[in-house]
Amino acid sequence: MEFFLQLLINGISLGFLYGLAAMGFVMIFKASRVLNFAHGEILALGAYIFLTLVTWAQLPILVAFILSLMGSFILGFVIERLFLRPLIGEPLIYVIMLTVGLAAMFKGIMLLIWGGNLYVYPDFLPAWLALDLGPLTVQPVYVASIIIGLIFLSIFGLFFKFSSQGIYMRSVADNQPAAMSLGVHVRRVFALSWAIAALVAGMRGIVLGIISGINVHDLSAIGLKVFPVVILGGLDSIGGAIIAALIIGLLETFTGGYISPSLRDVVPYACLIFILLVKPYGLFGLVEIERV
Amino acid sequence: MKDDILLQINNISVVYSDVIQVLKGVSLAVSEGRIVSLLGSNGAGKTTTLKAISGLLKTENGQVTDGSIEFGGRSIHNLSTEMITRMGIIQVLEGRQPFKYLTIEENLRVGTATRWGKPYKRDMEMIYEYFPVLASRKKSLAGYCSGGELQMLVMGRALMAHPRLLLLDEPSLGLAPLVVREIFQIIRRINLEQHTTIVLVEQNANMALQIAHYGYVMENGKIVMEGKSEDLKENPDIKEFYLGLAASGDQKSFKNVKSYKRRKRWL
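Going line by line, the protein sequences match chains D and R. So the first sequence is residues 1 to 292, counted in the numbering used here. So the second sequence is residues 1001 to 1267, counted in the numbering used here.
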C-alpha cells in the first residue's frame, strides 16, 4: 500500500510536469498550427539560465526563479521575431523544419557554453514542504511541482477564459481571417503564444532540473515526451493535454514500479497506440462542430 | 451627393498572384453616413473590392497594382489590416465566419480588438438591443447557432469595434426571406442611429436597393453603371438582369412568344 501511494504521488507530480510542458506545446499549435520540435531545448535553456543565476550570479532563489521565467518569456518573443515571422505565409512544413533546426542550434549553443556535464542545483527547497502522510513522506520537489503546476494551470485557464488578450488568442486559433478582419493583431498573438510557451517550458526545465539534475541531452530528450501527451490529449486541447499528461505520468511510474523500470518508457507509447485506435483524434481532440 | 466623401477609390487594379487580374480600373465614392450598395453577378469583383479596402487582400496574395484608395483623406492601400481596422474600417466577411469554439459573448468581445483595454459592457448591451436573439444565447458556442443568428453575431461583432465604415459582404447569403428582411431593417437602423457609413455587397438587388442611397453595378472587374437607388430601380437593364422584371416593370411572362433575351447594353 505504501509503495502504491508513493508511486501514485510520484505519478501525479510527473503528470503535472508533463502537463505544463504539453500546455506550451498545445498553445503554439492552437494559435499557428506549428509543431514545435525545439520544445525540449527551450526547456533545457530555462534550466540552465536558472542554474547560472543561482550558482554563478549567486542571486536569491526567488529572484533567480522570476528572472529565468522572464528570460524564457523574452527568449520566446525573440525566437518568434527572428526566425518565425519571416516565414509567415510560407507552407507550414517549412516552419516545422525550422523548429527542428532551432533544436539543433540551441543544443549546440548549450553544449558550447555549459558542456555536457551533469549539474545539480544547490538544495534550496525548504524541508517543511515535505508532505508527511503517515508511513510515507513526499519529497519537497514533488510537492512543489504539484503546487506550481496547479498555480500555473489555473492562471492560464483564467487568462484564456476571461482576459481580452486570451480571447483574441483563441479567436486567431479558431478562424484567422475573421480575426484579422476585426483587427486582431495576428502577429502579436503568435509572438505572445511563443513567449508564453517558452515561459512554461522554462519553468518545467527548472523543476526537472531539481528532480533529476541538469544535462543537455537528458533534458531535451524529456522534451520529446510531450509528443505522446499531446497526441493522446488531442493536439488542440489544453485541458485534454493535462489529463493525458496525468495518465502518462501514472502509467510510467506504475510500470516502472510494478513491472520493470526498463519498460517505463515503452508502456505509455503502447497505450497511446491502443487509445488512438479507438479515438483517432485523441481523448479530447477537437471534433469539428457540424450543424445539421 | 454633396456630402463629405469618406471613402474614395480611384481607378484601382487588383492582381492576384502577380498574374490574375480581377479588378480593371474601379472607381467609386462613398459619402459619410450613407449606405452604398455594390451589385453584380458572381465573380464580378465585389468581394475583391471590399478586401482591397480592408487590406485583407494581402493575406490572399492579392495586390493593388494601380490607383489609390483614400479614407478620410488618407491614402490607405499600402497599410496593413491592423492599421486599417484601427482607422475604423471593419469588414464583415462573406459566408458568416464565426469563431465556432467561442461563445456568443466571447465572439462579441473579439470585436473590441481595435480598442483593446477600453470598457465594452455598454456596447455589448447595445448589440443585444439590436439583436435580442443573441442575448438569449450568450453562453452557447457559436458553432451551434443557426445561420440567421450567426449573421447577426458577425454583424454585432463588427459593431463592437465602433466602425466608421462597415463593409458588409452578402449578409443575405443563404438566409430565409423573413430573416433577410429583418437583417436589412437592422442595417438601416444601424446606419440611422449609429451614423455608420455602410458599403453593402449583395446579390439580392431588390433588398439592397430598398435600403441603399446609392448603388454601383459591377461586371467583369469594372463598374458598369452607377446611380441613386431610385434611378437604378427604374433602369430597364437593372430590372431585367437583377430584379427579374420585364423592362416595362411587370413580372416577366413567358406567355409572350416574342420574349427574347435582351442584350446588356453595357457589354
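These are computed hints drawn from the structure, not numbers from a lab. Computed from a predicted model, the values in this text were never measured in an experiment. Here a beta-carbon is modelled for each residue, glycine too, at the ideal position from N, C-alpha and C. Check the hints yourself; a few may be wrong.
Stated by the list, open to error - Each computed EDC-like pair below joins lysine to aspartate or glutamate, with the alpha-carbon atoms no more than 20 Å apart:
| no. | chain 1 | residue 1 | chain 2 | residue 2 |
| --- | --- | --- | --- | --- |
| 1 | R | LYS1058 | R | GLU1032 |
| 2 | R | LYS1024 | R | GLU1070 |
| 3 | R | LYS1024 | R | GLU1060 |
| 4 | R | LYS1138 | R | ASP1123 |
| 5 | D | LYS161 | R | GLU1105 |
| 6 | R | LYS1058 | D | GLU90 |
Claimed, not checked - Below, a sample of chain R positions facing chain D; criterion: calculated Cβ distance under 10 Å:
| no. | residue |
| --- | --- |
| 7 | ARG1074 |
| 8 | ASN1078 |
| 9 | LEU1079 |
| 10 | THR1081 |
| 11 | GLU1082 |
| 12 | TYR1120 |
| 13 | MET1124 |
Here is what the structure says about each hint:
1. For the hint pairing LYS1058/R with GLU1032/R, the CA-to-CA distance comes to about 26 Å; that exceeds 20 Å, so the pair is violated.
2. Between LYS1024/R and GLU1070/R the alpha-carbon distance is near 18 Å, which keeps this suggested pair within the 20 Å criterion.
3. Of the supplied pair hints, the one linking LYS1024/R and GLU1060/R holds, its CA atoms being roughly 18 Å apart against a limit of 20 Å.
4. Straight-line distance between C-alpha atoms of LYS1138/R and ASP1123/R comes to about 14 Å, which keeps the hinted pair within the 20 Å bound.
5. For a cut-off of 20 Å, the pair hint linking LYS161/D to GLU1105/R stands: about 11 Å separates their Cα positions.
6. Annotation: proposed proximity of LYS1058/R to GLU90/D holds, straight-line Cα distance about 13 Å (limit 20 Å).
7. Hint on ARG1074/R is violated. Least Cβ distance to chain D is approximately 17 Å, over the 10 Å limit.
8. Taken as an interface hint, ASN1078/R does not check out: its beta carbon lies about 17 Å from the nearest beta carbon of chain D, beyond 10 Å.
9. A cut of 10 Å between beta carbons decides the hint on LEU1079/R: the least distance to chain D is about 12 Å, and the hint is violated.
10. At its closest, the beta carbon of THR1081/R sits 5 Å from a beta carbon of chain D; the interface hint therefore holds under the 10 Å criterion.
11. The beta carbon of GLU1082/R is positioned within 10 Å of a beta carbon in chain D (closest approach about 5 Å), and the interface hint is therefore held.
12. About 8 Å separates the beta-carbon of TYR1120/R from the nearest beta-carbon of chain D, less than 10 Å, and the hint is met.
13. Annotation: interface hint on MET1124/R violated; nearest CB of chain D at approximately 13 Å, more than 10 Å.
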